[in-house]
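Chemist: Just so you know, the sequences run in chain order Y and P.
The numbers in our numbering rise by one with no breaks, and the one at position 392 of the first sequence is 392.
The numbers in our numbering rise by one with no breaks, and the one at position 67 of the second sequence is 1067.
Hints are supplied without guarantee of correctness; some may be wrong.
Unchecked claim - List time: in silico BS3-like cross-link candidates among lysine-lysine, alpha-carbon distance up to 25 angstroms:
| no. | chain 1 | residue 1 | chain 2 | residue 2 |
| --- | --- | --- | --- | --- |
| 1 | Y | K44 | Y | K81 |
| 2 | Y | K234 | Y | K3 |
| 3 | P | K1054 | Y | K3 |
| 4 | Y | K385 | P | K1042 |
| 5 | Y | K385 | P | K1005 |
| 6 | Y | K141 | P | K1054 |
| 7 | P | K1042 | P | K1052 |
| 8 | P | K1120 | P | K1052 |
| 9 | Y | K81 | Y | K208 |
| 10 | Y | K87 | Y | K109 |
| 11 | Y | K109 | Y | K234 |
| 12 | Y | K234 | Y | K261 |
Quick caveat, the hints were computed from the structure, so don't treat them as lab data.
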Amino acid sequence: MNKIYFDHSATTPVLPEVAEAMAEFLVDNYGNPSSVYETGQAAKRALQEARESIATVLGAADPKEIIFTAGGSEADNLAIKGVADAKRKRGDHIVTSTIEHPAVIEPLKHLEKSGFRVTYVPADHQGLVDPAAVADAITEKTLLVTVMLANNVVGTIQDIKGMAAAARAKGVAFHTDAVQSVGNMPIDVNDLGVDMLSISGHKFHGPKGVGALYVRQGTRLNPIIHGGGQERGKRAGTENVPGIIGLARALEVAERERQEKTQRLTVLRERLVKGVLGSIPDVTYLGDPRRRLPGNACFSFKYIEGEALILHLDMLGVAASSGSACSSRSLEPSHVILAMGYSAVDAHGSLRITMGRSSTAAEVDELIQILPGIVARLREMSPFKTGETPEMFLAEHGEETPDHHQEHNEQ
Amino acid sequence: MYSDKVMDHFSNPRNVGEIEGADGEGTVGNPTCGDVMKLTVKIEENRIADVKFKTFGCGAAVATSSMVTEMVKGKTIDEALAISNKAVADALDGLPPQKMHCSNLAADALHKAIDDYLEKQGAPTK
């Protein structure tokens, strides 16, 4: 059985050339960049080269604008908490969207507990956030606007350029989570006009546990990890030299292959969407069909539950993901799909296919071939009849059982 | 994530379907949570002669539905009513902790189906 990996938005394998570049700094050049002697200085030089390379790819004016972190979540936390802490005397308001990653939403919720106010600008049914609504949400008390570049669930790409221009015109710092975007679309911090931008290595064939935050010079930001003063005082801790080397190398490859890859994946995605919509009834294609990541195709199948679908696909060697409550740690259906105006049942029936560097037309065809059978089998088992909503079903068959999630969450 | 027994019942569910002219029917679950189970039973001489299920839900929901139908076939009504959700989970070599609440409702569906039968018989429900 051929294994098919269709979950590139979850993570990606480290490229051999990336692993090779890292290995040298794990075993031989193991020095601490803060050390004065040669082994340390060699690590320091490699670190500087990596910083320069990343700055170049992202279009940053100065390598000093790159702060290395232990991943995308830390980069998001640093941007949000770092700005909130540095500017707290100037205001107490932050603007974001309803479809952000938990690495943005949770730090914001944390800030709300200590007196900050957050405006969550809604996304429309297609998963797009209106730049004018973001601009309108900015007040005199606003310190920061943070909206993701591309969404991790439905892949929609926001007009960050428009939003950042509006924020800049009002003198408000702008952050974007670009974790899903690297290698899938052009990213230039000056073209986008953002003050901060988060990236994460393992989403583009680099190692896990390393990421970076671009911070435009002049942006006031306090550290969230205090210690030995590394990263110009913005992020303490001995630098993850092998990880950073891997991050830089992976980013170089991602940028080199970007154009070819995005064109190829767009063709594959269209092939997949056409195949799925053409062979399975009662399916919705979620998210804007054009303004989305080239490798993302997200569907919702009526009358079935996503985890069951994922398990069946897994038994046939296909790795994919779902926004159903049962497949999430929180036991909540995808907040992104709900925020787009779909029901919890729609979210439960969702399937996210994210293709990447290794994906082929043969793999897409294989999925198109096996998916209708799995969906039919699960629907046959489903108590819902065609055309019947789950609410209609329960109204006819008995009282709704209380929401067990609340019970669970109270524990 | 799941035990071999869960995966066995999930991939080869036993007794899927709906009994025509069933003696009792029980539906439990919440579509918002993501699990709904419908169990139908045929009862002859105070015993569960046949039982079938239809389930919308995750791997655990399907496996518990399938397992409870196997456990209950041929049992007396009192024996069937003594089967708990926990007993179903144990028979499957356990479920992940987060699945114990939402997806482990098969015994509830069974009890509801039996209650439905008893009610139709005019007997007081348990």
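Chemist: Each hint: holds or not?
Modeler: Results of checking the hints against the structure:
| no. | hint | in the structure |
| --- | --- | --- |
| 1 | K44(Y) / K81(Y) | 28 angstroms, violated |
| 2 | K234(Y) / K3(Y) | 42 angstroms, violated |
| 3 | K1054(P) / K3(Y) | 31 angstroms, violated |
| 4 | K385(Y) / K1042(P) | 22 angstroms, holds |
| 5 | K385(Y) / K1005(P) | 29 angstroms, violated |
| 6 | K141(Y) / K1054(P) | 54 angstroms, violated |
| 7 | K1042(P) / K1052(P) | 9 angstroms, holds |
| 8 | K1120(P) / K1052(P) | 19 angstroms, holds |
| 9 | K81(Y) / K208(Y) | 22 angstroms, holds |
| 10 | K87(Y) / K109(Y) | 18 angstroms, holds |
| 11 | K109(Y) / K234(Y) | 23 angstroms, holds |
| 12 | K234(Y) / K261(Y) | 34 angstroms, violated |
Hint violations for this structure: numbers 1, 2, 3, 5, 6 and 12, all remaining hints satisfied.
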